[in-house]
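Colleague: Residue numbers (our numbering), protein chains in the order written: chain A, 5 to 412; chain B, 415 to 547.
Keep in mind that a hint or two might mislead.
Said to hold, decoys possible - Okay, derived cross-link-like pairs now, DSS-like style, lysine-lysine, Cα gap no bigger than 25 Å in a straight line:
#: 1; chain 1: A; residue 1: Lys35; chain 2: B; residue 2: Lys417
#: 2; chain 1: B; residue 1: Lys489; chain 2: A; residue 2: Lys104
#: 3; chain 1: B; residue 1: Lys475; chain 2: A; residue 2: Lys213
#: 4; chain 1: A; residue 1: Lys113; chain 2: B; residue 2: Lys489
Everything labelled a hint here was simulated from the structure, so no lab data went into it.
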Amino acid sequence: MKLTEKENDLLSGKHGAGLKKAMEILVALGKIYGAKEMVPVTSAQIAGISYKNIGDPGLEFLRDWAESNARAHIPAFMNPAGIDRQTWRQLGFPEGFAKKQLEIIEILKQMGVRATLTCTPYHIGIVPQQGEHIAWSESSAVSYANSLLAARTNREGGPSALAAAFCGRTPRCGLHLHENRLATHRILVKCPAKTSADYGMLGYLIGKKIGQGIPYFQGLEIPANEAERTACLKALGAAMAAAGAVALFHIEKVTPEANDYGERIIKQDCKLIEIDSLEEAQRALHQVGQQVDLVALGCPHVSLEELAAIAGLIQNRQLKSPLWIATSAIVREQARAKNLVSMIENAGGRVLADTCMVVAPLEEMGIKHIGTNSAKAAVYLPSHQSAIVHFGTTERCVQAAISGHWED
Amino acid sequence: MVKITARIIYSGKVQGVVLKSEAPLSFFGAVDPTTGLVKDSQHPLFGQCIAGKILIFPYAKGSTVGSYILYGLKKRGLAPIGMILEECETIVAVGAIISEIPTVDRVRTNQFHTGDLVRIDEGEVYLEEKSHC
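Please model the complete structure; the sequences and the hints are all you need to start from.
Modeller: This is the structure:
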């Protein structure tokens with residue numbers, strides 16, 4: 005790999021041990037994935053924040069790296085953590101867990117990483133431009149940035165995204181190169197997909213079928229309303245990244261690269277997949293049963309518009325089951341200013357910031373039966389939280405929270 | 415003695431006894447970070463300790479948190495002293511670098527057996543002594 009003088013200095017330890025380690029990570033990954041050089045990146049999004057996921061080994065590593073005085077040199081921000089910093093006590097989050105989690109957040113802040121604690125940075129004004137090189141790690145945000153914004157990022161791990169934040173660069177390989185962004189599969193959708201839950205189911209099916217491939221969708225009737233469209237495509241990308249490892253998708257006449265290149269964004273030897281029904285996904289994601297300990301929405305984190313729609317559904321109702329809606333602290337503040345949070349709280353629901361049902365310590369809190377509208381959450385909850393999942397539309401989830409049980 | 419050329423992932427020199435897995439390894443979930451024991455009962459190395467060994471396996475799989483597990487093991491003196499893989503990916507590369515464990519890849523692992531004495535010297539691997547068991 006060809007390195008600049010600055011990069012060689014970083015690698016030789018001229019700028020300290022912490023940056024040396026960061027550059028070693030970037031060079032090793034570049035070597036493995038065949039990069040010829042580094043590319044400057046404009047932002048880094050850091051996953052691996054929740055103490056539930058990284059545990060003591062991750063906390064120790066971050067603590068040690070921070071002590072080496074390594075600091076972010078580009079805008080860098082955090083993925084969700086395992087607690088809501090404002091309300092964890094009220095919600096009964098375990099104190100020992102919360103203390104460790106707060107320490108992780110403090111360490112990262114010390115490293116110059118902003119405590120945005122969200123998987124949807126694009127809902128709080130962090131919106132990279134088309135063609136911009138970035139180093140993001142949250143898989144649904146990677147998919148969103150690559151596909152809907154046409155920014156360029158590989159799916160980074162926590163340490164490699166931090167290394168990119170410290171050094172301001174990442175190896176130029178994978179999805180940073182146009183030739184690796186061509187569709188490997190043409191997906192012909194022949195059944196209706198209307199709600200974000202439908203898009204999640206479609207994403208589940210495609211993720212399972214194509215693994216690391218790049219799909220090009222045809223036949224989708226995308227909602228005309230922009231907020232609904234964003235919610236649907238966010239759910240599609242998140243589910244493909246959870247069920248498979250899809251980091252980029254194209255949609256005919258919708259996504260920027262499909263618009264710019266037309267069919268030239270599809271590989272000559274691409275495979276064809278036809279989707280006639282979403283039933284298989286419904287069967288895989290949903291477990292039959294009535295009990296609901298928690299209805300959890302907001303995986304990925306909801307936008308202000310989604311939050312307003314949910315508030316409208318539960319306005320003047322009294323919920324029998326706990327309802328959590330997860331978002332970023334910034335969106336929650338915006339929602340507070342519009343009285344949406346009080347509407348939801350008056351009905352008995354909660355708006356959680358900084359965290360979500362996938363990375364909070366639900367199992368430790370005795371929460372087992374979970375209703376959700378998120379296909380991504382339905383993929384992860386059984387394995388990450390030993391949960392039993394009821395999957396359905398937002399309306400069906402809200403209905404379950406109102407009646408106190410799930411109706412099939 | 416057999417000499418094999420490899421690709422350096424994290425450079426270093428180390429000599430030790432081989433613990434070999436035919437199956438890929440998921441450090442997160444399959445290895446106990448407080449003991450170094452393989453705790454996944456479905457894994458061929460179940461019950462074995464990876465501490466102090468030259469760990470040879472085809473590739474890693476599973477969560478990227480696996481990198482941190484290697485770091486946690488290293489801090490407790492329970493990490494492998496070297497790693498040899500067929501194809502190294504992100505989890506092991508990052509884990510090897512942050513934990514400073516000499517690691518190479520692009521090696522055919524079927525020429526090694528548990529109990530062999532092996533030396534990693536930067537980008538070269540020496541099979542010093544075959545295991546007799």
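Colleague: If a hint holds in the structure, say so; if it doesn't, say that too.
Modeller: Results for each hint:
no., hint, in the structure
1, Lys35(A) / Lys417(B), "holds (23 Å)"
2, Lys489(B) / Lys104(A), "holds (18 Å)"
3, Lys475(B) / Lys213(A), "holds (19 Å)"
4, Lys113(A) / Lys489(B), "holds (24 Å)"
Going through the hint list in order, the structure satisfies each hint without exception.
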